[in-house]
Amino acid sequence: MSWEIVVGIETHAQLRTRSKIFSGASTEFGAAPNTQASAVDIALPGVLPVLNRAAVELALRFGLAIGARINRRSVFARKNYFYPDLPKGYQISQYEAPIVQGGTLAIALAEGEKTIRITRAHLEEDAGKSLHEDFHGMSGIDLNRAGTPLLEIVSEPDLRGAHEAVAYARALHALVRWIGVCDGNMQEGSFRCDANVSVRRAGEPLGTRCEIKNLNSFRFIERAIEFEARRQIALLEDGGRVEQQTRLYDPERDETRAMRSKEEAQDYRYFPDPDLLPLVVSEEEIERVRAELPELPDVRRRQFIARGIPATQAAQLTSSIELATYAGLALEGASRGTAPAIANWITGPLSAKLNERGIGIERAPVSPEQLRQLVERIADGTISGKLAKEVDDAMWAGEGSADEIIERRGLRQISDSDAIEKLVDEVLAANAKLVEDYRGGKEKAFNALVGQVMKASRGKANPAQVNQLLRVRLAG
Amino acid sequence: MSLSHDQVQRLALLARIAVGPGETDAVLAQLNRVLELIEQMQKVDTRGVEPMAHALDLRQRVREDSVTERDQHALFQSVAPAVERGLYLVPKVIE
Numbered sequence: 022m023s024w025e026i027v028v029g030i031e032t033h034a035q036l037r038t039r040s041k042i043f044s045g046a047s048t049e050f051g052a053a054p055n056t057q058a059s060a061v062d063i064a065l066p067g068v069l070p071v072l073n074r075a076a077v078e079l080a081l082r083f084g085l086a087i088g089a090r091i092n093r094r095s096v097f098a099r100k101n102y103f104y105p106d107l108p109k110g111y112q113i114s115q116y117e118a119p120i121v122q123g124g125t126l127a128i129a130l131a132e133g134e135k136t137i138r139i140t141r142a143h144l145e146e147d148a149g150k151s152l153h154e155d156f157h158g159m160s161g162i163d164l165n166r167a168g169t170p171l172l173e174i175v176s177e178p179d180l181r182g183a184h185e186a187v188a189y190a191r192a193l194h195a196l197v198r199w200i201g202v203c204d205g206n207m208q209e210g211s212f213r214c215d216a217n218v219s220v221r222r223a224g225e226p227l228g229t230r231c232e233i234k235n236l237n238s239f240r241f242i243e244r245a246i247e248f249e250a251r252r253q254i255a256l257l258e259d260g261g262r263v264e265q266q267t268r269l270y271d272p273e274r275d276e277t278r279a280m281r282s283k284e285e286a287q288d289y290r291y292f293p294d295p296d297l298l299p300l301v302v303s304e305e306e307i308e309r310v311r312a313e314l315p316e317l318p319d320v321r322r323r324q325f326i327a328r329g330i331p332a333t334q335a336a337q338l339t340s341s342i343e344l345a346t347y348a349g350l351a352l353e354g355a356s357r358g359t360a361p362a363i364a365n366w367i368t369g370p371l372s373a374k375l376n377e378r379g380i381g382i383e384r385a386p387v388s389p390e391q392l393r394q395l396v397e398r399i400a401d402g403t404i405s406g407k408l409a410k411e412v413d414d415a416m417w418a419g420e421g422s423a424d425e426i427i428e429r430r431g432l433r434q435i436s437d438s439d440a441i442e443k444l445v446d447e448v449l450a451a452n453a454k455l456v457e458d459y460r461g462g463k464e465k466a467f468n469a470l471v472g473q474v475m476k477a478s479r480g481k482a483n484p485a486q487v488n489q490l491l492r493v494r495l496a497g
Numbered sequence: 429m430s431l432s433h434d435q436v437q438r439l440a441l442l443a444r445i446a447v448g449p450g451e452t453d454a455v456l457a458q459l460n461r462v463l464e465l466i467e468q469m470q471k472v473d474t475r476g477v478e479p480m481a482h483a484l485d486l487r488q489r490v491r492e493d494s495v496t497e498r499d500q501h502a503l504f505q506s507v508a509p510a511v512e513r514g515l516y517l518v519p520k521v522i523e
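Residue numbers (this note's numbering), protein chains in the order written: chain R, 22 to 497; chain Z, 429 to 523.
Since the hints were derived computationally from the structure, they do not count as laboratory data.
Ideal Cβ positions, reconstructed from N, Cα and C, are used throughout, including at glycine.
Just to be clear, a hint being listed does not mean it is correct.
[Unchecked claim] Here are a few chain Z residues that face chain R, going by a calculated C-beta distance under 7 Å:
{"no.": "1", "residue": "N460"}
{"no.": "2", "residue": "V462"}
{"no.": "3", "residue": "H482"}
{"no.": "4", "residue": "D485"}
{"no.": "5", "residue": "T496"}
{"no.": "6", "residue": "G514"}
{"no.": "7", "residue": "Y516"}
[Claimed, not checked] Below are the DSSO-like pairs computed for lysine-lysine, each with C-alpha atoms no more than 27 Å apart in a straight line:
{"no.": "8", "chain 1": "R", "residue 1": "K135", "chain 2": "R", "residue 2": "K109"}
{"no.": "9", "chain 1": "R", "residue 1": "K463", "chain 2": "Z", "residue 2": "K520"}
{"no.": "10", "chain 1": "R", "residue 1": "K234", "chain 2": "Z", "residue 2": "K471"}
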């Protein structure tokens, strides 16, 4: 019987605020160490936290976007533990009454859409950063990140295997950026995932899970889960058992390792923070935030699918609001037949060129309308697919629209059968050897003849027509 | 409910308080008195009473999202035992 890999994901998304969750210090990334750590952030005696309105609104926006229940009254709690980058000796988080509860996120898989349940999303503050490099045997502490607002988003163990886990992480990443609650910058740690992984035989209850901490790229999520599942399966098949533990993924060795086991299990002793009153959100606030929500990626994705675009490609096109906007404009007024070709051109040549040049879609030199026209000219036979690349290059160089370039450069495909016939006859007359080879059974010679005709037409002859005519002539 | 010596040692570890072997008995007795008080309070019938998260029946105020704090790290670090390149230095900790 085969094994089923069960995954749940916890994500820490940094909320896009200017200032920290409980202080007026800046959250900007990359400042010199400790220059953005205020008296509250470093926990000087006598200071008190004051909650940032924007952090609450961004959490509400997320909750509404996933159709969750918004707790009208939520409570901040202290999560107690000692670590040098946690100045207070506790992290302010939410425990029993998080602001967001329930909700779902749809993920696009090749086999169709799957709905993943979200358990909860709660507000909390980030800790500082420990640097273990050379400080004469000491560690350096930078508290700039301490107090940065986070939304911890916890999924149910609804994901099966690394593939679904990555699809979920990507969908969540796309959503938080789409609705503007998080910048999604994984290199800077704005979006970090922990994966809870267990394995079981189909139909059995959940197995013992291991938590893999701090996965900061989609590739690492995939590889860490794959490794961890293999490790657990091997362990169980050898008659062993999985021990519940926290593990770290080492990308260099492509393996997960148990974090040095603490002599004592953690006990965070959560209790309501007496420095903060319960957070109460009103109906008006909720409705105001709801009214500001943009159309969601799910809706856009389904619209793309309805235009004949495959589900996973539709998910790709909705990975950011900028890309989806571009695709939406490019598809406007396009026939159902050309919609998939337009999508292909966006996820193919356009994305490749943007990546090569390191620019975002919003700065693409080819407008959505220009791109649509190019694809339509291929579809209606005005230009060949080969020459389309030339037209595209010219559009990137700012030479105007596809139609203008085709006219100016004389790239119009030759579909006039008289003209093609003439070209074919000329080529046949000039290549007696190839004709002989073909008649002698060498199929390769046929392709060489097609190539000669195309060359004679400077790439403009309609290849299908050339093929057909050549066959007729050679058979005769 | 009363605590064991082991539990007292574990609590001391979690709270990072050094409770020497000679002090465990005294701390145990004091903690047990606190627990007795809690036990007494738990006898009160609280059915139908919503648990409080705070002693004040008020709601949390919020502030606008603006940067109001300036860099004071030089001042804050003037009382730190060890500082280098703007970082606070602490005994090495590696997870």
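Hints versus structure:
no.	hint	in the structure
1	N460	violated (19 Å)
2	V462	violated (15 Å)
3	H482	holds (5 Å)
4	D485	violated (9 Å)
5	T496	holds (3 Å)
6	G514	holds (4 Å)
7	Y516	holds (4 Å)
8	R:K135 with R:K109	violated (42 Å)
9	R:K463 with Z:K520	violated (75 Å)
10	R:K234 with Z:K471	violated (42 Å)
Of the hints listed earlier, those the structure fails to meet are numbers 1, 2, 4, 8, 9, 10, in rising order.
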